[in-house]
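Visitor: Take the sequence shown: its position 94, counting from 1, is numbered 373 in the numbering used here, and each next residue is one higher.
Treat each hint with caution, since some may be false.
As the list claims (entries may be wrong) - Computed cross-link-like contacts, EDC-like style, restricted to lysine to aspartate or glutamate with a CA-CA straight-line distance of at most 16 Å:
(1) 393 - 383
(2) 342 - 316
(3) 342 - 327
(4) 349 - 334
(5) 393 - 405
(6) 398 - 372
(7) 398 - 383
(8) 337 - 327
No lab work stands behind these hints: they were computed from the structure.
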Amino acid sequence: SNAENAGIEKGNIHSRSNNEKLFSCPECGKCFTWKGDLLRHQRIHTGERPFSCSECGKCFTQKANLIVHKRFHTGVRPYACSECGKCFTRNGDLLTHQRTHTGERPYSCPDCGKSFTQKASLVLHERLHTGVRPYSCSECGKKCGKRFTRKACLISHQDSHTTEKQYSCSTCGKCFTFKNSLLRHQKVHSGGNVGLQSAGNIIEPNQKSSL
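Input sequences plus hints: build the corresponding full structure.
Guide: Structure representation (structure tokens):
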């Protein structure tokens, strides 16, 4: 029929029963019960983001995601915790928070059994077992191949390329970006004992101008 052909234009239809049809994506084969769900899914492939925020212009594939985003501008937090009263913009964030009260940790590591309240935390943890380091430094990747399990660690590392090395060792003159790095280095001179005495060997950034 013409109606069926119109549906096939957007995705193949597979009959699962007399009362139910599956719409499949011609790009990746993923199946959906409703045509509307297929159309929303296809925006992943086409890049279409028809719902835009009037405040900042950010665009979304689904209207529901735009509604949640707008709460960051309006400050509306409709989901409140019945235990402590803390409010959230998304229901999912409330459910995650409530686990701090219930102690529920539904995501467990298949390798060591350690459990987590959030799936994202489990994904990060599993990289300790697999050795996967998906974040590589674009500054020095070709030279040293440094990679990190967490994006935050990559950002901290990249600061070492752009930040001036402000802390210098008065014993040998070697410079460091972070004070803790200098303290670790000074163990070379002190034989592993860095205490109050070694503080005098640190040249602070504001001391350089007076030297």
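Visitor: Where does the structure disagree with the numbered hints, that is, which hint numbers, in rising order?
Guide: none
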